[in-house]
Amino acid sequence: MSAEPLSPPTGLPLMRQRWSQLLFAHWPVAPEVLRPYLPARLELDLFEGQAWLGVVPFTMSGIRPLGLPAVPGLSNLHELNVRTYARLDGVPGVWFLSLDASLALGVWAARTLFHLPYLHARMSLTRTGHTLRAQAERTHRGAAPARFAAAWTPGTALPQAQPGSLAYFLTERYYLYTAGPEVAHAATGSTLWRGKVYHQPWTLREATLSTWESTVVESHGLPTPAGPPVLYAADSLDVWIQELRRV
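Note that the working numbering numbers the sequence shown so that position 127 is 419, with each residue one more than the last.
Since the hints were derived computationally from the structure, they do not count as laboratory data.
Positions of the beta carbon are idealized from the N, C-alpha and C atoms, including for glycine.
Please note: incorrect hints may appear among the correct ones.
Estimated spans, in silico, between C-beta atoms of each pair [said to hold, decoys possible]: (1) 537 <-> 332: 30 to 38 Å; (2) 448 <-> 504: 18 to 26 Å; (3) 381 <-> 477: 38 to 46 Å; (4) 324 <-> 434: 27 to 35 Å; (5) 423 <-> 382: 35 to 43 Å; (6) 500 <-> 529: 15 to 23 Å; (7) 529 <-> 324: 31 to 39 Å; (8) 332 <-> 441: 33 to 41 Å; (9) 447 <-> 381: 21 to 29 Å; (10) 381 <-> 456: 34 to 42 Å.
Start from the sequences and build out the full structure, keeping to the hints where you can.
Okay, structure coming up:
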């Protein structure tokens, strides 16, 4: 099972936001390549024996604590994350190697309150006609430099991804794991948090890639992904975020 069946959030969600202009780009990677980047307690989540590495640009908007209005200038950002997939005690989730983001306050809050490896970056994500373009340059002090530029065109809507399919494994994720904002130290630490997110199933689309220039994977000391990525564009959706709990 790659993700738990969709269910409404239990308890009180902390935050609401909207995700849009999203591209999932993934490559298969030998498990032994990614294993050193995860804490010993986490098991790599594999699809038919293969680990997967993802690069995901998107826009996050309407960010607000539950019950409060969004604050102009502080509620929108662009994000670019590098991720793989893990599980603990049978619960599958996302493991982030980095999350570059364009809003300094958002980076501070995510690192401080959610223990996530967010990094400062200059970013843009724009649409011209049907084509989306994302650009990022990491500016976080002390972090390895990285740049990203991609352009893609979303295409025909795909049938809803079903459990057991690769599309479901790569996109329908309702938990995340983190061990602190410094991934280089997190992999050797003993503290681990698990957070839950809730959203409706993704509406995935075919995607045609016209530009891809990136060093975000290589900034982690990983080899350049080989071959064309598995691509899915995704329609916008609303997301509820719940608190992280130590596990």
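Taking the hints in turn, this is what the structure says about them:
1. Range check, residue 537 to residue 332: about 20 Å between beta-carbon atoms, so the 30 to 38 Å window is missed.
2. A hinted range of 18 to 26 Å for the beta carbons of residue 448 and residue 504 is consistent with their spacing of about 21 Å.
3. For the pair residue 381 and residue 477, the supplied restraint of 38 to 46 Å is violated, since their beta-carbon distance comes to about 23 Å.
4. Hint check: residue 324 to residue 434, Cβ distance near 28 Å, so the stated range 27 to 35 Å holds.
5. Between residue 423 and residue 382 the CB atoms are about 41 Å apart, so this pair conforms to the stated range of 35 to 43 Å.
6. Range check, residue 500 to residue 529: about 22 Å between beta-carbon atoms, so the 15 to 23 Å window is met.
7. Take residue 529 and residue 324: their Cβ atoms lie about 35 Å apart, and the range 31 to 39 Å holds.
8. Under the hint 33 to 41 Å, the C-beta atoms of residue 332 and residue 441, about 36 Å apart, fit the expected range.
9. At roughly 38 Å, the beta carbons of residue 447 and residue 381 sit outside the given window of 21 to 29 Å.
10. Take residue 381 and residue 456: their Cβ atoms lie about 21 Å apart, and the range 34 to 42 Å is violated.
Going through the hint list in order, the structure does not satisfy hints 1, 3, 9, 10.
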